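Novice: Here is what each chain is made of, one letter per residue.
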Amino acid sequence: MYTDGGEGSEQPNRAAEERRGTAERFRNTDLPLAKLWTYYYGLGGGIDEMSLDAYLHEALDIPASQVALIATAITELTEDDLP
Amino acid sequence: MAQDSRLTTSDHMQDLLLDTPEFPEFLLGLATMSASLVDAEGQVTCTITVERDGGPATVASSSEAGRRLDETQYAFHDGPCLTAVREQRLVWIPDLRGDARWSDYLEAALQEGVRSVLAVPIPTEPFSRAGLNCYASTVDAFTEETKGLLEQHAASMSRVLRIALRLHGANVHPEHLRAALKSRAVVDAAVSLIMLQQRGGREDALAILQLAAKSNNRRVHDIANDIVRGAQLPAGRFNGG
Numbered sequence: 338m339y340t341d342g343g344e345g346s347e348q349p350n351r352a353a354e355e356r357r358g359t360a361e362r363f364r365n366t367d368l369p370l371a372k373l374w375t376y377y378y379g380l381g382g383g384i385d386e387m388s389l390d391a392y393l394h395e396a397l398d399i400p401a402s403q404v405a406l407i408a409t410a411i412t413e414l415t416e417d418d419l420p
Numbered sequence: 027m028a029q030d031s032r033l034t035t036s037d038h039m040q041d042l043l044l045d046t047p048e049f050p051e052f053l054l055g056l057a058t059m060s061a062s063l064v065d066a067e068g069q070v071t072c073t074i075t076v077e078r079d080g081g082p083a084t085v086a087s088s089s090e091a092g093r094r095l096d097e098t099q100y101a102f103h104d105g106p107c108l109t110a111v112r113e114q115r116l117v118w119i120p121d122l123r124g125d126a127r128w129s130d131y132l133e134a135a136l137q138e139g140v141r142s143v144l145a146v147p148i149p150t151e152p153f154s155r156a157g158l159n160c161y162a163s164t165v166d167a168f169t170e171e172t173k174g175l176l177e178q179h180a181a182s183m184s185r186v187l188r189i190a191l192r193l194h195g196a197n198v199h200p201e202h203l204r205a206a207l208k209s210r211a212v213v214d215a216a217v218s219l220i221m222l223q224q225r226g227g228r229e230d231a232l233a234i235l236q237l238a239a240k241s242n243n244r245r246v247h248d249i250a251n252d253i254v255r256g257a258q259l260p261a262g263r264f265n266g267g
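For the protein sequence lines, the chains are A and B, in the order given.
Taken in order, the first sequence gives residues 338 to 420; the numbers are from our numbering.
Taken in order, the second sequence gives residues 27 to 267; the numbers are from our numbering.
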């Protein structure tokens with residue numbers, strides 16, 4: 338879907354960056370995949386666990402909106418200072 | 027005859043699996059079933075221990091004394107049943123007093139009135155291990171015959187236990203699942219409200235929720251909860267991209 342640049346707009350670049358950044362953040366935590374998927378589902382997430390796994394290992398592109406939800410899920414699961 | 031009774035037991039186990047909503051309850055049913063298989067008089071206590079990689083151990087016991095005995099093994103990090111579970115081999119102790127292994131644990135077991143123990147491994151799957159443990163208050167309570175019977179029983183339990191472990195997803199704790207279901211329901215309701223109000227799409231509505239959570243340092247679920255309860259939509263209206 339998105340390619341790195343090419344279209345002239347900088348949106349795709351930023352999206353690709355966020356995609357990689359979120360997957361990398363996950364790998365730096367010790368969150369179990371099943372726990373992340375379950376929480377992400379609770380936030381309204383729309384992709385299945387296998388696709389999530391593939392995305393986190395940079396083997397699958399998923400929509401930017403889903404990346405944002407995954408990033409939110411990681412944040413909420415790892416930050417204890419949220420009330 | 028023997029064939030028939032085994033078939034019935036295996037049917038019972040499947041029924042048990044279908045009838046019990048929670049894993050510990052299912053395991054308790056298996057332990058009780060095993061105890062009455064070994065000794066219909068109720069003189070034998072059976073416990074079943076399941077250990078999962080990265081998860082807690084589950085122990086079910088057909089009696090209160092059995093539960094204490096299994097907990098004692100965990101306190102000592104060792105014992106005949108833990109050996110059967112972790113090394114997947116049969117442990118047979120005809121008389122506890124004459125046995126030199128696991129001395130600390132054996133002392134505690136003798137105090138509970140146990141004199142003989144038989145622990146049989148139950149093969150499950152690569153990520154978990156299980157065992158069936160039988161305690162009796164008399165010396166030599168278990169014979170070659172009981173040993174054979176229990177080994178067969180463990181083999182048929184192995185099948186149903188594997189299914190149970192799949193069914194009760196070894197990786198996710200039930201409270202996380204319940205929390206996710208609750209959260210999802212609230213988020214979906216808030217998304218519907220935001221969509222109606224903004225005449226927007228689902229993705230935009232989710233983005234609004236996330237933005238509001240981030241800028242208020244709160245959880246998405248809590249923001250959604252407020253919206254469902256009639257709070258104003260968070261500021262920062264999206265224009266649809």
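Heads up, a few of these hints could be off.
Derived pair list, reagent style DMTMM-like, types lysine to aspartate or glutamate, alpha-carbon separation capped at 20 Å [what the hints assert, rightly or not]:
| id | chain 1 | residue 1 | chain 2 | residue 2 |
| --- | --- | --- | --- | --- |
| 1 | A | LYS372 | A | ASP390 |
| 2 | B | LYS240 | A | ASP385 |
| 3 | B | LYS208 | A | GLU413 |
| 4 | B | LYS240 | A | ASP390 |
| 5 | A | LYS372 | A | GLU354 |
| 6 | A | LYS372 | B | ASP79 |
| 7 | B | LYS208 | A | ASP390 |
Here's a subset of chain A near chain B, in silico, CB distances under 10 Å, partners left out [as the list claims (entries may be wrong)]:
| id | residue |
| --- | --- |
| 8 | ALA352 |
| 9 | GLU354 |
| 10 | GLY358 |
| 11 | ALA360 |
| 12 | ALA371 |
| 13 | LYS372 |
| 14 | TYR378 |
| 15 | GLY381 |
| 16 | GLY383 |
| 17 | SER388 |
| 18 | ALA391 |
| 19 | TYR392 |
| 20 | ALA396 |
| 21 | ALA408 |
| 22 | ILE411 |
| 23 | THR415 |
Computed from the model, here is a short list of chain B residues facing chain A with C-beta under 10 Å [unchecked claim]:
| id | residue |
| --- | --- |
| 24 | ALA181 |
| 25 | GLU229 |
| 26 | LEU235 |
Please keep in mind that the hints were generated in silico from the structure rather than gathered at the bench.
Remember, predicted model here, so these are calculated numbers, not experimental data.
Built from N, CA and C at the ideal position, the CB exists for glycine as well.
Novice: Next, verify each hint and record whether it holds.
Specialist: For each hint, the structure was consulted:
no., hint, verdict
1, A:LYS372 - A:ASP390, "12 Å, holds"
2, B:LYS240 - A:ASP385, "25 Å, violated"
3, B:LYS208 - A:GLU413, "16 Å, holds"
4, B:LYS240 - A:ASP390, "25 Å, violated"
5, A:LYS372 - A:GLU354, "24 Å, violated"
6, A:LYS372 - B:ASP79, "15 Å, holds"
7, B:LYS208 - A:ASP390, "24 Å, violated"
8, ALA352, "12 Å, violated"
9, GLU354, "18 Å, violated"
10, GLY358, "16 Å, violated"
11, ALA360, "18 Å, violated"
12, ALA371, "4 Å, holds"
13, LYS372, "6 Å, holds"
14, TYR378, "5 Å, holds"
15, GLY381, "4 Å, holds"
16, GLY383, "9 Å, holds"
17, SER388, "17 Å, violated"
18, ALA391, "18 Å, violated"
19, TYR392, "17 Å, violated"
20, ALA396, "21 Å, violated"
21, ALA408, "9 Å, holds"
22, ILE411, "12 Å, violated"
23, THR415, "13 Å, violated"
24, ALA181, "30 Å, violated"
25, GLU229, "4 Å, holds"
26, LEU235, "8 Å, holds"
Figure legend: structure checked against the earlier numbered hints; hints not met, in rising order: 2, 4, 5, 7, 8, 9, 10, 11, 17, 18, 19, 20, 22, 23 and 24.
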